[in-house]
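Quick note: the sequence shown uses the working numbering, first residue 64, plus one each step.
Zero decoy hints are in this set.
Below, in silico cross-link-like pairs of lysine-lysine (BS3-like), each with a Cα-Cα straight-line distance of 27 Å or less:
#	residue 1	residue 2
1	K149	K138
2	K132	K177
3	K177	K102
4	K132	K102
5	K138	K161
6	K102	K138
7	K149	K190
Here are the in silico distance ranges between beta carbons for each label pair:
#	residue 1	residue 2	range
8	S91	N66	16 to 26 Å
9	D184	G141	15 to 25 Å
10	G141	R81	20 to 30 Å
11	W155	M64	32 to 42 Å
12	E199	K161	35 to 45 Å
Derived by calculation from the structure, the hints in this document are not laboratory data.
It should be emphasised that the depicted structure is a prediction, and the values quoted were computed from it without experimental measurement.
Cβ atoms here follow ideal geometry from the backbone N, Cα and C, with glycine treated the same way.
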Amino acid sequence: MINQEFLVERDDYANAGRVSSQIKQLLSQIGIPVDILRKVAVACYEAEINMIIHAWGGTITLTLQEDGKLTLVFKDPGPGIPDLEKAMTPGWSTASEKARQLGFGAGMGLFNIKRVSDYFDIQTSAKGTILTIGFEVAS
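My request is simple: use the sequences and hints to build the entire structure.
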């Protein structure tokens, strides 16, 4: 079993995707199949970017159980997603001008995360957001 936590800093555009790369490398080293790695990388990157752009930073917790269930939990302290239904709509974004100028904020994040994940759950309030996604690594 693997259980590891990673820190994501608010507005840390210079390191955007760093944690996702670390997770992908770790999973690659232990032999996770390439097709699953690709899905995990997409979902993790999108969620990490959302934490940098929209939230006040947070943590990513990776758990890989012996039965092959891979879970990633993205937890931030706020400000929450004001309209989750709109946020799930492809192309809808509340990204700042700064984020857009840096090439982020296309409004595909949550949609892409849900599309590639085997399990998707999101809970949000003004106190923060908890996104839990899962992947079946072993059949």
